[in-house]
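K.L.:
In my numbering, the protein residues as written are 1 to 176.
It cannot be assumed that every hint is accurate.
[Claimed, not checked] For lysine to any residue, the following SDA-like pairs were computed, each having C-alpha atoms within a straight-line distance of at most 20 Å:
#: 1; residue 1: Lys50; residue 2: Leu165
#: 2; residue 1: Lys50; residue 2: Arg142
#: 3; residue 1: Lys50; residue 2: Trp152
Derived by calculation from the structure, the hints in this document are not laboratory data.
The structure presented is a predicted model; accordingly, all values stated were derived computationally and were not measured.
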Amino acid sequence: MAPSPFLDALSAGGPAQDRLSGLQLYAFLIGSWSLEARYPQPDGSDLRSKGELHAGWVLEGRAIQDVWIVPARGLPRGKLPAATEFYGSTLRVYDPGLDAWHILWSDPMRQVYRRQLGRAEGPDIVQLGTDDAGAKVRWSFRDRTPDSFRWWGERSPDGGVSWTLQAEFLARRAAA
Numbered sequence: 001m002a003p004s005p006f007l008d009a010l011s012a013g014g015p016a017q018d019r020l021s022g023l024q025l026y027a028f029l030i031g032s033w034s035l036e037a038r039y040p041q042p043d044g045s046d047l048r049s050k051g052e053l054h055a056g057w058v059l060e061g062r063a064i065q066d067v068w069i070v071p072a073r074g075l076p077r078g079k080l081p082a083a084t085e086f087y088g089s090t091l092r093v094y095d096p097g098l099d100a101w102h103i104l105w106s107d108p109m110r111q112v113y114r115r116q117l118g119r120a121e122g123p124d125i126v127q128l129g130t131d132d133a134g135a136k137v138r139w140s141f142r143d144r145t146p147d148s149f150r151w152w153g154e155r156s157p158d159g160g161v162s163w164t165l166q167a168e169f170l171a172r173r174a175a176a
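Construct the entire structure; sequences and hints are all you get.
P.N.:
In structure tokens form, the structure reads like this:
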């Protein structure tokens, strides 16, 4: 198959040199990851699935785009509630004026779209936004190492006073 002009125009070999230091926050994501997904249920049980994540530099190295897939390709769909399955993409764009990242999540399978602002908070990365009902949403990357991280998706019905964990992913870097 011939190279794709679209993919050639989209992808970049690395971060843009004019904002290199600011672009490092999410640079750890570049590559492929296997995911263990856990969805805590109100009765104390968990729904579990496996997934995959792929990320790369795009737009002349001024952004990172990723694709999150649960369940992983090759696994059967429809075994879990629809809210736990997705095939979506995040565009992460660094804004030097804010020293923060604009996070744009799109899941056309479930018609879920989120806009957040991401920043470092100590050793973690925290992305804040709201859901369609106006409740605060917090997505965070925790326990990061070169080959693993933990991702939490939380929602606050009370304006950020308390948070409920809706999803947790343990990511491990895939072998090259």
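K.L.:
Keeping to a limit of 20 Å between CA atoms, is the pair of Lys50 and Leu165 held or broken?
P.N.:
The given pair, whose Cα atoms are some 18 Å apart, holds under the 20 Å limit.
K.L.:
Are Lys50 and Arg142 close enough, with their CA atoms no more than 20 Å apart?
P.N.:
With Cα atoms ~19 Å apart, Lys50 and Arg142 stay inside 20 Å; holds.
K.L.:
Against the 20 Å threshold, does the CA-CA distance of Lys50 and Trp152 hold or violate the hint?
P.N.:
This hinted pair holds, its Cα atoms lying about 15 Å apart.
Hint violations for this structure: none, all hints satisfied.
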